[in-house]
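Please put together the full structure from these sequences, using the hints given.
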Amino acid sequence: MVNNMNFKQLSLGKKIILITTVIALISLFLPWVELGILSASGFQQGGYLFLIAFIYPVYCVLKNTYINKVGGLVCGIVALIASIAYISSKSDEIFGTAINVAGSGAYLFLISTIGLIIGVVLDKRIS
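Take 0 as the starting number for the sequence shown in numbering that gives the first Met the number 0 and just add one per residue.
These aren't lab readings, by the way, just hints derived from the structure by calculation.
Quick caveat, the model's predicted, so the values are computed rather than measured.
Simulated restraints, written as ranges between beta carbons of each label pair:
| # | residue 1 | residue 2 | range |
| --- | --- | --- | --- |
| 1 | I51 | Y106 | 17 to 23 Å |
| 2 | D91 | Y58 | 34 to 40 Å |
| 3 | A97 | N63 | 44 to 50 Å |
| 4 | Q43 | F6 | 29 to 35 Å |
| 5 | V77 | K123 | 19 to 25 Å |
With a Cα cut of at most 30 Å, we get these calculated DSBU-like pairs of lysine-lysine:
| # | residue 1 | residue 2 |
| --- | --- | --- |
| 6 | K7 | K123 |
| 7 | K68 | K7 |
| 8 | K7 | K62 |
Note that the Cβ used here is the ideal one computed from N, Cα and C, for glycine as well.
Have a look at this one:
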(Lines of atoms letter the chains of each structure in order from A and count residues from 1; the text may use other names and numbers.)
(Lines give C-alpha, C1' and ligand atoms only; values in the text may rest on other atoms or scores of the structure.)
Protein backbone atom coordinates (compact mmCIF):
# COMPACT_ATOMS: atom_id res chain seq x y z
CA MET A 1 0.00 0.00 0.00
CA VAL A 2 2.81 2.42 0.79
CA ASN A 3 4.81 3.28 -2.31
CA ASN A 4 8.26 3.84 -0.82
CA MET A 5 6.93 6.72 1.25
CA ASN A 6 9.63 8.80 2.89
CA PHE A 7 8.37 11.14 5.62
CA LYS A 8 11.06 13.71 4.86
CA GLN A 9 9.95 14.00 1.24
CA LEU A 10 6.28 14.56 2.03
CA SER A 11 4.77 18.02 1.72
CA LEU A 12 4.10 19.99 4.90
CA GLY A 13 0.38 19.33 4.53
CA LYS A 14 0.85 15.57 4.30
CA LYS A 15 3.18 15.60 7.33
CA ILE A 16 0.58 17.50 9.33
CA ILE A 17 -2.11 15.00 8.30
CA LEU A 18 -0.01 12.04 9.47
CA ILE A 19 0.98 13.72 12.73
CA THR A 20 -2.57 14.77 13.57
CA THR A 21 -3.83 11.28 12.77
CA VAL A 22 -1.36 9.83 15.28
CA ILE A 23 -2.53 12.45 17.80
CA ALA A 24 -6.15 11.45 17.13
CA LEU A 25 -5.26 7.80 17.75
CA ILE A 26 -3.47 8.69 20.99
CA SER A 27 -6.52 10.68 22.13
CA LEU A 28 -8.59 7.50 22.10
CA PHE A 29 -6.53 6.15 24.99
CA LEU A 30 -7.13 9.27 27.07
CA PRO A 31 -10.29 10.07 29.05
CA TRP A 32 -13.10 11.39 26.87
CA VAL A 33 -15.37 11.66 29.90
CA GLU A 34 -14.11 12.74 33.31
CA LEU A 35 -16.32 13.13 36.35
CA GLY A 36 -14.35 12.94 39.56
CA ILE A 37 -13.18 9.37 40.00
CA LEU A 38 -15.16 8.16 36.99
CA SER A 39 -13.73 8.34 33.49
CA ALA A 40 -14.14 6.67 30.10
CA SER A 41 -11.64 6.47 27.26
CA GLY A 42 -12.30 7.29 23.63
CA PHE A 43 -12.66 3.59 22.86
CA GLN A 44 -15.34 3.20 25.53
CA GLN A 45 -17.16 6.27 24.20
CA GLY A 46 -17.03 5.17 20.54
CA GLY A 47 -14.54 7.86 19.57
CA TYR A 48 -12.91 5.45 17.13
CA LEU A 49 -15.91 6.02 14.86
CA PHE A 50 -14.79 9.64 14.42
CA LEU A 51 -11.61 8.31 12.79
CA ILE A 52 -13.66 7.37 9.74
CA ALA A 53 -13.32 10.98 8.62
CA PHE A 54 -9.53 10.59 8.58
CA ILE A 55 -9.56 7.63 6.15
CA TYR A 56 -9.56 9.50 2.82
CA PRO A 57 -6.80 12.03 3.66
CA VAL A 58 -4.59 9.38 5.27
CA TYR A 59 -5.13 7.00 2.36
CA CYS A 60 -4.01 9.72 -0.07
CA VAL A 61 -0.92 10.42 2.06
CA LEU A 62 0.03 6.75 2.22
CA LYS A 63 -0.47 6.36 -1.53
CA ASN A 64 1.40 9.66 -2.01
CA THR A 65 -1.33 11.05 -4.25
CA TYR A 66 -3.05 14.40 -4.46
CA ILE A 67 -5.76 15.03 -1.88
CA ASN A 68 -8.86 16.49 -3.46
CA LYS A 69 -9.39 19.72 -1.50
CA VAL A 70 -13.17 19.44 -1.41
CA GLY A 71 -13.13 15.80 -0.32
CA GLY A 72 -10.41 16.39 2.24
CA LEU A 73 -12.11 19.48 3.65
CA VAL A 74 -15.42 17.66 3.89
CA CYS A 75 -13.69 14.91 5.87
CA GLY A 76 -12.05 17.43 8.18
CA ILE A 77 -15.19 19.48 8.70
CA VAL A 78 -17.27 16.37 9.42
CA ALA A 79 -14.72 15.31 12.05
CA LEU A 80 -14.67 18.84 13.51
CA ILE A 81 -18.47 19.04 13.73
CA ALA A 82 -18.66 15.56 15.26
CA SER A 83 -16.02 16.51 17.85
CA ILE A 84 -17.79 19.73 18.79
CA ALA A 85 -21.13 17.93 18.97
CA TYR A 86 -19.63 15.24 21.20
CA ILE A 87 -18.07 17.77 23.57
CA SER A 88 -21.30 19.79 23.66
CA SER A 89 -23.31 16.65 24.45
CA LYS A 90 -21.29 16.18 27.61
CA SER A 91 -22.59 19.43 29.11
CA ASP A 92 -25.20 19.12 31.81
CA GLU A 93 -26.51 20.82 34.91
CA ILE A 94 -25.94 19.29 38.31
CA PHE A 95 -27.32 20.92 41.45
CA GLY A 96 -27.96 24.11 39.50
CA THR A 97 -24.38 24.34 38.20
CA ALA A 98 -23.53 23.87 34.53
CA ILE A 99 -20.68 21.40 33.99
CA ASN A 100 -18.98 19.78 31.04
CA VAL A 101 -17.59 16.32 31.69
CA ALA A 102 -15.78 16.01 28.35
CA GLY A 103 -12.23 14.86 29.06
CA SER A 104 -8.83 15.75 27.74
CA GLY A 105 -8.95 13.07 25.04
CA ALA A 106 -12.00 14.63 23.43
CA TYR A 107 -10.34 18.04 23.35
CA LEU A 108 -7.14 16.55 21.95
CA PHE A 109 -9.18 14.89 19.21
CA LEU A 110 -10.81 18.25 18.48
CA ILE A 111 -7.37 19.81 18.07
CA SER A 112 -6.32 16.97 15.77
CA THR A 113 -9.34 17.59 13.52
CA ILE A 114 -8.29 21.22 13.18
CA GLY A 115 -4.82 19.96 12.25
CA LEU A 116 -6.37 17.65 9.67
CA ILE A 117 -8.13 20.59 8.03
CA ILE A 118 -4.91 22.63 8.05
CA GLY A 119 -3.00 19.71 6.53
CA VAL A 120 -5.52 19.33 3.72
CA VAL A 121 -5.39 23.06 2.96
CA LEU A 122 -1.56 23.08 2.94
CA ASP A 123 -1.20 19.94 0.81
CA LYS A 124 0.54 20.50 -2.49
CA ARG A 125 -0.47 18.73 -5.70
CA ILE A 126 3.05 17.34 -6.17
CA SER A 127 4.94 15.96 -3.20
